[in-house]
Amino acid sequence: MSELWAMDAYALHEQFASGAISAEAIVKAHLDRIQAWDSTIGAFLFVDAEGALRRAREEDAWTLDERRRRPLSGVPVALKDNIVTRHMPTTAGSKILGAFLSPYDATVVDKLMDAGAILIGKTNLDEFAMGSSTEHSAFHPTRNPWDATRVPGGSSGGSAAAVAARMVPVALGSDTGGSIRQPASYCGVVGMKPTYGRVSRYGLIAFASSLDQIGPMTRSLRDSRLVYGVIHGSDPHDSTSLTNVAEPIPSQEQRWRIGLPREFFGDGMDDGVRRVIDQALESLQGLGHELVEISLPHTDYAIAAYYLIAPAEASSNLSRYDGVRYGMRASGGDLLNMYETTRDEGFGDEVKRRVLLGTHALSAGYYDAYYLTAQKVRTRIREDFDQAFQTVDYIVTPTTPDTAFVLGARSDDPIKMYLGDIFTVTANLAGIPGLSMPAGLAAGLPVGLQWLAPPLFDAALLDAAETLERVLQPMPWPEEVKA
Amino acid sequence: MDLSDADILHVARLARLHLTPDELGPVRADLNRVLAYVSQLQKLDLEGVRPTMHVVETHAPLREDRPEPSLGIAEATKNGPVVENGMFLVPRIMEGGASGE
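Heads up: the protein sequence lines correspond to chains U and G, in order. Read in the working numbering, the first sequence has 316 at position 316, and its numbers run on one by one without any break. To get the working numbering, take the position in the second sequence, counting from 1, and add 1000.
If we strip away everything but chain U, and leave its shape as in the complex, we get:
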């Protein structure tokens, strides 16, 4: 039997449910991995070793039948630290939350616990999920397990790195403009952003409420399906969660029409990425699928629309951090002064930049020119997808134009950092599901392939990607390649 930390969640659960291994042994193996690797990687902000071991011993007392009934029993899971938990601190990667301990668990946390998952810790992120590198964490940057001089991507960089480095088989991330898919691509793991409204946002610290969505980050498609199966569903605590969804019936054709948007395959793509993606596309053709060039003409405008809408929503969502009800309070003078000093000391530069941008975009005299215009462009982007999905079953693209960049390489140029999101933001603006799966290595760094599907085709999307996973070379892990 291979090392416990090398197994995916599916295999761990099967072994545990059959009585072959104990949950305590599983948790210990992963805690040892964290102990050995996280001083180099910095994926975690908090590790609850004691709580995880306690829970594991409780599960070891379960009968085999009780274990089987809970699809994630025996499986250690990490949470991006913008998902609130009662028994672990939540920081959102920011100083402003101070010693915040949530009085309630997020709905996804309740669902994971009901399914038998063992929560092992909270992972690093760009402050309030604003960033693409995890360098904007108020605590420390996270490093890419494939090359510690490089970023893991972001904002769910801690979750991606923890899964890639085999410190945990499953982590949850959140995706507002690509924050699950881009780090999944950079770290060589699977990351899925479900259709907007599929997964409850209750207990997800809000960044841009009309775009945010929680999703799984795993090392296999079957694990993503397993975790997605557990966490999705309507929630009375989230008025935007979908209720009474008629599940779409995917095409029963064995051969799909797969759209390749020409706007995504133009200049600016790294040669190594192009080679890996071309090989994956050949594999899809080898499976009998038809590749069709399509156009999503408003792609070029997506970043501009996103960087108005997301900061506008963020400026409103982050107004709650005022030093009154939770988090830190800076001392000083009258109420207004207290607000301003608290927010000045508590927020990092990127958060301030976006709050200012969003406030400006919503302010009197600018609302129509910026915010409303961006929302109209969003309609155009949706229409592009609606039209494309009339003729194709799925869309396939690279997840990012490049592989993981070196720490600090984009720090002084916000636009350059923002443009890295070009292939991922449109799915959030349109609300459609997307996932990134590892397609291979370019110069020793992982390359992600992105799948996009029509709204609600989440399960079909996982199945489709899995057919490709079966024919691709299995993804190694960083140590194997370096050894």
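Treat the hints with caution; some may be incorrect.
Only part of the chain G face toward chain U is listed, based on derived beta-carbon distances under 10 Å [claimed, not checked]: (1) L1003; (2) H1010; (3) H1018; (4) L1035; (5) L1046; (6) R1050; (7) T1052; (8) T1077; (9) G1080; (10) L1089; (11) P1091; (12) I1093.
Everything labelled a hint here was simulated from the structure, so no lab data went into it. These figures come from a predicted structure and were not determined experimentally. In this text, a Cβ means the ideal position worked out from N, Cα and C, and glycines have one as well.
Place chain G on chain U using the hints.
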């Protein structure tokens, strides 16, 4: 049109952010770069296009007006930086009376 220092300070006040003189220059440069970038949206003809505020047609779901379990006062206020008698204390906002700090 570029934002001036005065514009930035106005927006900062709206956002309840205190900017030090050191921060002002870099913030102005960054914001103006982003605004110049997003101005490309003005090129599009968006006449008659309905804005997408939300991809899900949102409405406020209603439920029966019946009390449901909720957090107690101690639990709900446990993260407050300054709490007294189950209330959040803030600096004085009007003249007279005792100060909160």
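Against the structure shown, which of the earlier numbered hints fail to hold, in ascending order? none
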